[in-house]
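Participant: The listed protein sequences derive, respectively, from chains G and R.
Using our numbering, read the first sequence as starting at 113 and increasing by one per residue.
Using our numbering, read the second sequence as starting at 113 and increasing by one per residue.
If you're looking for bench data, these hints aren't it; they were derived computationally from the structure.
Model, not experiment: these values are computed from the prediction.
Hints may contain errors.
In silico DSBU-like links for lysine-lysine, alpha-carbon gap of 35 angstroms or less [claimed, not checked]:
(1) R:Lys-366 x G:Lys-209
(2) R:Lys-196 x G:Lys-247
(3) G:Lys-196 x R:Lys-275
(4) R:Lys-366 x R:Lys-275
(5) G:Lys-366 x R:Lys-209
(6) R:Lys-430 x R:Lys-399
(7) R:Lys-236 x G:Lys-247
(8) R:Lys-209 x G:Lys-203
(9) G:Lys-345 x R:Lys-196
(10) R:Lys-152 x G:Lys-232
(11) G:Lys-275 x R:Lys-209
(12) R:Lys-203 x G:Lys-264
(13) R:Lys-236 x G:Lys-236
(14) R:Lys-236 x G:Lys-232
(15) G:Lys-232 x R:Lys-275
(16) G:Lys-209 x R:Lys-247
Protein chains: 2
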Amino acid sequence: MQSFEVLSREFAQRFNKSHFPAEPASLYQPNDYFLQAGGKRVRPVLCLMGNELFDEIRDDTWEVATAIELFHNFTLIHDDIMDKAPLRRGKPTVHEKFGRNTALLSGDVMLVAAYDYLNKISGKYVFSVIRLFNKTAREVCEGQQLDMDFEKQETVLFDQYLKMIELKTSVLLAASLKLGAILGGAGERNQNLLYDFGKKLGLAFQVQDDYLDAFGDPDKFGKQVGGDIVANKKTFLLIHSLEAASASQKKELKKLLEDNSDAKVNKMIQVFKECKADEWALQLKNKFLDEAFAHLEDIAVLSKRKEPLKELASFLVKRDH
Amino acid sequence: MQSFEVLSREFAQRFNKSHFPAEPASLYQPNDYFLQAGGKRVRPVLCLMGNELFDEIRDDTWEVATAIELFHNFTLIHDDIMDKAPLRRGKPTVHEKFGRNTALLSGDVMLVAAYDYLNKISGKYVFSVIRLFNKTAREVCEGQQLDMDFEKQETVLFDQYLKMIELKTSVLLAASLKLGAILGGAGERNQNLLYDFGKKLGLAFQVQDDYLDAFGDPDKFGKQVGGDIVANKKTFLLIHSLEAASASQKKELKKLLEDNSDAKVNKMIQVFKECKADEWALQLKNKFLDEAFAHLEDIAVLSKRKEPLKELASFLVKRDH
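Chain G extracted, bound-state conformation:
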């Protein structure tokens, strides 16, 4: 059983090469540019760990892990177009640097490259691997569409937001683990427990992410505090506050959503606190994390084999920045 650090390093070594032909450079160079910017490679490592939970890592698992990372980066390139994001990983986004049309097309071809890696595997699990990969790809698109739909909706309920986050963020983490488990020869029950572990872990992660936007230490958080607030994003904090608020607090929240002054962020954080959204979010995060660990606990392999996944989960979710 290898740690996240070890697997991450080995994955990076294998992954850090061009996955594309040299020409036309106008199409492929943007993808090389984007992939070189790095990222934590969490998803492919989850896939490797999902395999290693049950058996030694297969050659095929490296291919699937690569496909997962390419798929994830494809979604980032296209999401950045849709969100008009100027920066990603501290560098100009693909559409900022190369134009929207090229970003669209480079993203498309990155998705095709992911399927090229999936076509390298063989064995009895090919069908179920690709089926799960496709289902997940569809769901991630659904999540992004719901996220865009929500921007136009005045009210988003907690359950709706949860469903969106599940699709947009959680299922890819869950599927990465399960794909590894399938390749590692796990039985169906163990596969599904690992999937549920990943899903809950993803939810906990998103609650934390929303929490840190308002309550994180700006020195450690690495991005501007209150970004979600400025953008009027319907986060766990806002949705809970709107549901828990008194009539006067609700009025204040609505007013703040129309507010574009510099004071907006601090005032909004104040109302979040009054509505106890901070405490509530920490409890919610812990609830999801407890549920995640309960699923992991339930998997029928030696406890020792689960250590790297436990460590990674704690690292991802309990981090204080």
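Since the structure of chain G is provided, determine the placement of chain R on it from the hints.
Facilitator: Structure of chain R alone, referenced to chain G:
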């Protein structure tokens, strides 16, 4: 051996259902809308014919044909975004009707759906089918990128344009045929001859398309004559004229490219004629068509089996509208 009409009708019957879940409708309804607008379904039928040239149509071939048609429609949705096209098949394009972001995402999920159909096939040819499908998908993206690159380039040479058309248009026709041939159990030589037939047919088709834009009968052509001229598109006609023109004709062409008056189309057609681009284009079309038929002739199956493909090719390329 069945005719294009028969296969096209049977394919349409199977294909005319939703290929997507009901929810979220905001993501999937745009795809249903676009697919319902029809189209000639040439590519999937080429796949079926490629199979039937060698053997009875397999169940798997219907799945691959469906994947091809979904892939083709995915490229159309994304191309329309990039080209800012308002209409397709006489109806508003997806991005016009549902917005650019949704069109981007709906296109993405249509590509995933194509891979879902590919995952339904089984048998020894799975690997080579998906490998050719992926290669073709990559090439079509390359062709679209080159097309966009050419818009910014002052000069495009004949060979460059040919390469772009080959990638953007021909390889998908060629691959559709070859995928069918693979599934029909054809040997490698026959597969490749059929591929080359499709590639040359695609080139002949594009020459004709460029020709009709300037010299087609407006009543039969179905779209505005001179659309390429208005858009300053570097077509076979313009590229040839620029290469064949005298110094004064070249000057006139450059002037017309800057011209935005109503007289532009007729004046440009006049110069094309002076440069004999019309005659040259018809000869070029016939050359590609002859080459296509020579490849078809060379395929080692009974001549009678080739009849439907010959008819289809003549229908596609010799049509006078």
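Participant: Output the numbers, in ascending order, of every earlier hint that fails for this structure.
Facilitator: Result: no hint breaks.
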